[in-house]
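Residue numbers (the working numbering), protein chains in the order written: chain X, 346 to 460; chain C, 10 to 120.
Warning: the hint list may mix true and false statements.
[Stated by the list, open to error] Calculated cross-link-like contacts (lysine-lysine; reagent style DSBU-like; alpha-carbon spacing at most 30 Å):
1) Lys-389(X) / Lys-354(X)
2) Lys-119(C) / Lys-359(X)
3) Lys-354(X) / Lys-107(C)
4) Lys-107(C) / Lys-402(X)
5) Lys-119(C) / Lys-402(X)
6) Lys-51(C) / Lys-359(X)
7) Lys-51(C) / Lys-402(X)
8) Lys-11(C) / Lys-389(X)
9) Lys-402(X) / Lys-89(C)
Hint data in this document are derived by calculation from the structure and do not stem from the laboratory.
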Amino acid sequence: NAGVTQTPKFRILKIGQSMTLQCTQDMNHNYMYWYRQDPGMGLKLIYYSVGAGITDKGEVPNGYNVSRSTTEDFPLRLELAAPSQTSVYFCASSYGGTGGWDEQFFGPGTRLTVL
Amino acid sequence: QKEVEQNSGPLSVPEGAIASLNCTYSDRGSQSFFWYRQYSGKSPELIMFIYSNGDKEDGRFTAQLNRASQYISLLIRDSKLSDSATYLCAVNMEYGNKLVFGAGTILRVKS
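Start from the sequences, fold in the hints, and give me the full structure.
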């Protein structure tokens, strides 16, 4: 199993450009998440999904969009990139059990710079 | 605002010593608690989770939860150079398995 994969690894965008960060998992997990991590900070949840066709906002959704058409894929779309979106973006997935705990597995991250 | 607070460090300990990392959380209704380790430039990886009051041990690691004080800690015994990393505390505060992360504590193990 490859686990959670993300592409690209690095990207430089100009202000106002758009791009899609790709995320794929092969663990048949129901839940998927997008986080951003700014230097010296913890992870902030952008969007999450509890299954195909279902998405919801996290703590910092402004400037981003997501879709979940399949169990495996959860792309993150940045429209009109701004310098404040310079960050490292992590995708994660989890089984989604209801037992009160649920390990999230993280992808390797995408380092995005907006200039 | 649901918050998770950690001392940013760095916490420096000699090799072989015990490292003690601490975390507090704001939401009394929080369900479960996680410690993730993150090496520089890498993604977080789960070390331990805990949801019952008290201690939970796994090898050199012990997680402690005190719900009354809204406090979690991670003890690392016999610290090794390879333990040098940032340790992120995360709390499941809401239904849907959404985690709120602390900013992390940098641990440096010195030879």
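Structure-based check of each hint:
1. Restraint check for Lys-389(X) and Lys-354(X): satisfied, since their Cα atoms lie roughly 19 Å apart, inside the 30 Å limit.
2. A distance of roughly 42 Å separates the Cα atoms of Lys-119(C) and Lys-359(X); the hinted pair therefore is violated under the 30 Å criterion.
3. Of the pairs offered as hints, the one joining Lys-354(X) and Lys-107(C) holds, with about 25 Å between alpha carbons and a cut-off of 30 Å not exceeded.
4. Straight-line distance between C-alpha atoms of Lys-107(C) and Lys-402(X) comes to about 11 Å, which keeps the hinted pair within the 30 Å bound.
5. About 42 Å separates the Cα atoms of Lys-119(C) and Lys-402(X), which puts this hinted pair outside 30 Å; it is violated.
6. Taking the CA atoms of Lys-51(C) and Lys-359(X), the gap is near 25 Å; set against the 30 Å cutoff, the hint holds.
7. A hinted pair counts as satisfied when its Cα atoms are at most 30 Å apart, and Lys-51(C) with Lys-402(X) qualifies at roughly 25 Å.
8. Distance check on the hinted pair: Lys-11(C) and Lys-389(X) sit about 12 Å apart at the alpha-carbon level, within 30 Å; holds.
9. The straight-line distance between the Cα atoms of Lys-402(X) and Lys-89(C) is roughly 39 Å, outside the 30 Å bound, and the hint therefore fails.
Comparing the model with each numbered hint stated earlier shows that hints 2, 5 and 9 do not hold.
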